[in-house]
Amino acid sequence: MFEQQQRRLEGQIRALLEEAGVPLPEQLNFTDLPFKGTWGFALPMFPLAAAERRSGKPVRVPQRAQELAEYVAQHLQLPEGFQRVEAVKGYLNLYLDPGYFSRFVVDRVIEEGPRYGHHPPRGQRVMVEFSQPNTHKALHVGHLRGTILGDVVARMLQAAGYEVIRANYLGDIGLHVIKWLWNYIKFHNGEEPPPGVDKARWVSDLYVEANKRLEEHPEWEAEVRELFLRWDRGDPELRALWEKTRQWSLEGFEHIYRTLNITFDRVYYESEVEESGKRFVQELIEKGIAQDQRPDGPVVVDLDRLLGLEETYRAFVVLRSDGTSLYSTKDLALAVQKFQEYPDLARSIYVVDIRQSLYLQQIFKTLEVAGYPWADRLYHLAYEVVTLPGNVVLKTREGEVIFLDELIREAIQRARQIVEEKNPALDPETKEQVARAVALGSLKYTMLARENNRKVVFTWEKALSFEGVAAPYIQYAHVRARSILRKAGDQVPQALTPTHTLHPAEVELISQIARLPEKVLQAAEAYRPLTLTTHAYEMARAFNDFYKECPVLQAEPPVRDFRLRLVAAARQALANILALLNIEAPDVM
RNA sequence: GCCCCCGUAGCUCAGUGGAUAGAGCGUCUGCCUGCGGAGCAGGAGGUCGCGGGUUCGAGUCCCGCCGGGGGCUCCA
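Residue numbering for the first sequence follows my numbering, starting at 10 and increasing by one per position.
It is worth saying that the hints were derived from the structure and are not from the lab. All the pointers check out, no bait thrown in.
Label-pair distances were calculated between CB atoms; the ranges are:
#1 Thr-439 <-> Lys-98: 51 to 57 angstroms
#2 Leu-562 <-> Arg-356: 46 to 52 angstroms
#3 Lys-66 <-> Val-501: 54 to 60 angstroms
#4 Glu-295 <-> Ala-324: 15 to 21 angstroms
#5 Thr-543 <-> Pro-129: 22 to 28 angstroms
#6 Gly-170 <-> Asp-385: 17 to 23 angstroms
#7 Lys-221 <-> Gly-170: 46 to 52 angstroms
The calculated lysine to aspartate or glutamate pairs, modelled on DMTMM-like cross-linking and capped at a C-alpha distance of 20 angstroms, are:
#8 Lys-208 <-> Glu-263
#9 Lys-195 <-> Asp-214
#10 Lys-404 <-> Glu-224
#11 Lys-208 <-> Glu-218
#12 Lys-404 <-> Glu-225
Computed from a predicted structure; not experimentally measured. Just so you know, even glycine gets a beta-carbon here, dropped at the ideal spot from N, CA and C.
Between the sequences and the hints, there should be enough to build the whole structure, so can you do that?
What follows is the structure in structure tokens.
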């Protein structure tokens with residue numbers, strides 16, 4: 010937000026140092042002042058002193074850095090808006106005049122409104138593929154992480170100025186679906202989910218059953234393989250059954266996405282790239298990239314051999330020995346199709362769990378070897394999995410899962426109790442809305458407030474606790490701000506420069522609000538929602554401290570007017586960052 | 001065997017190469033006749049896994065160990 014001011018200062022500092030004969034680096038890097046309740050930048054002078062020493066001057070770096078800082082501090086003409094300058098321990102500290110710049114920040118936030126924190130379009134398009142559930146299975150907590158992560162990454166990239174295509178890729182065909190169909194035909198033919206029973210759940214239970222049966226009777230595997238071949242021949246009856254049953258799952262997905270407030274611009278289905286995938290593999294064989302070992306073995310791309318490497322990309326299986334498709338068969342074709350539809354994609358991001366790192370590298374490398382110029386624009390955004398305590402991985406196949414719909418239901422139920430306890434006066438409808446906002450917000454925040462490549466261990470206790478660094482803390486700050494504004498009649502005073510000496514809590518709040526745009530950029534570039542969850546907490550904390558320390562409505566008119574505007578700006582900033590995290594900002598709770 | 005990820009307070013985790021390593025939970029102590037206490041303030045609690053290296057400066061970068069997890073020919 011202060012690039013302009015920094016650039017002007019940098020010009021002056023460079024001139025001063027040049028005059029003194031100090032060799033200058035290409036860039037001077039400012040940092041924020043590390044002292045709470047202060048506002049400004051610091052310039053470490055160590056790199057300059059170090060450069061001098063490297064050029065042969067016998068100086069002691071820390072000492073020389075301090076000398077340089079003092080020299081600059083003494084001769085610097087502070088531009089308007091700067092309060093003071095000091096040289097401490099080799100740092101040049103530049104303090105902003107909070108009165109002067111607070112108006113700058115507050116005015117901008119109020120003027121930009123919901124756009125504050127967003128950046129201008131950069132004319133680049135990216136695709137984010139995420140969620141990727143399989144039909145005929147249920148969604149569980151594990152899916153929640155990738156789904157929320159992808160959604161928020163898409164939101165952040167959009168805020169950073171990219172045009173984003175939000176894509177989903179549904180696993181509606183594959184061995185798991187064939188297994189399900191086999192079990193259905195053999196043991197449940199003609200059945201439908203009973204009325205009143207959750208269809209997706211009913212479908213999922215049959216999947217668990219199918220795996221159990223096959224485990225107990227391995228001899229039935231042959232029937233499953235036979236069914237897969239029947240599928241491949243395009244058997245109309247089988248296809249009709251598939252279409253009907255897959256719909257039961259799709260309805261379940263639909264419902265969850267609506268609950269999570271997540272939408273997609275383009276939904277791909279594995280079934281739609283199955284045939285093109287096989288053709289693609291055939292081309293690979295003809296080009297000599299893939300080796301056809303059928304009927305004794307699968308079709309394989311031996312990447313290490315092709316690239317003259319050892320034990321790096323390994324060999325990559327792209328088609329079964331019986332000619333049926335694999336995940337890889339379809340993923341190759343899908344990548345091609347994406348770039349046919351959107352040739353100008355600057356990046357195609359795959360939000361997929363970290364266990365598939367090698368697999369995706371194999372996909373990318375195969376496409377590179379096949380000569381696709383966009384292969385280097387494919388990017389795997391890897392995230393660690395959600396486990397149960399004791400490093401127990403969730404497995405739909407064995408039915409050892411926390412179902413997503415169940416988790417959401419429980420979380421809302423728990424939130425209802427807490428709303429009842431904290432704010433019994435609310436009307437029932439509002440209570441319900443608040444419970445949903447708090448419950449869903451908490452689940453999302455928990456999934457996002459962790460480094461992408463670190464595990465999340467799921468426990469009911471933690472999932473249903475809304476305390477500490479969590480969504481409700483931030484939502485509560487928003488509610489408090491909203492409450493003050495409501496009491497002021499929702500009238501935000503005209504823009505004004507504060508005439509009072511700002512309280513440290515005010516300074517801290519303003520400087521946190523001012524950081525939002527750069528945090529958004531930082532988060533988007535690293536695909537890291539954690540940057541934003543942390544900043545959301547920092548802003549909320551600064552607001553709660555301000556709330557405690559600085560009376561607004563009872564203050565004298567000029568102070569009151571400025572603080573009302575500050576509250577309005579803080580509320581807006583909190584609402585905006587919550588929106589980026591796809592978390593609701595309630596008015597009451 | 002090869003490759004990838006993770007080791008920071010009792011627990012769960014933050015920490016663009018920069019100043020005295022910070023939060024939450026738990027624990028101990030305070031603060032509601034000032035705008036909503038789902039809040040605020042304070043105490044106790046650290047050889048940042050170990051050993052080298054790079055650097056003016058390393059929790060952060062590089063190398064090697066140790067410990068935990070994951071992946072590596074027909075699951076997705």
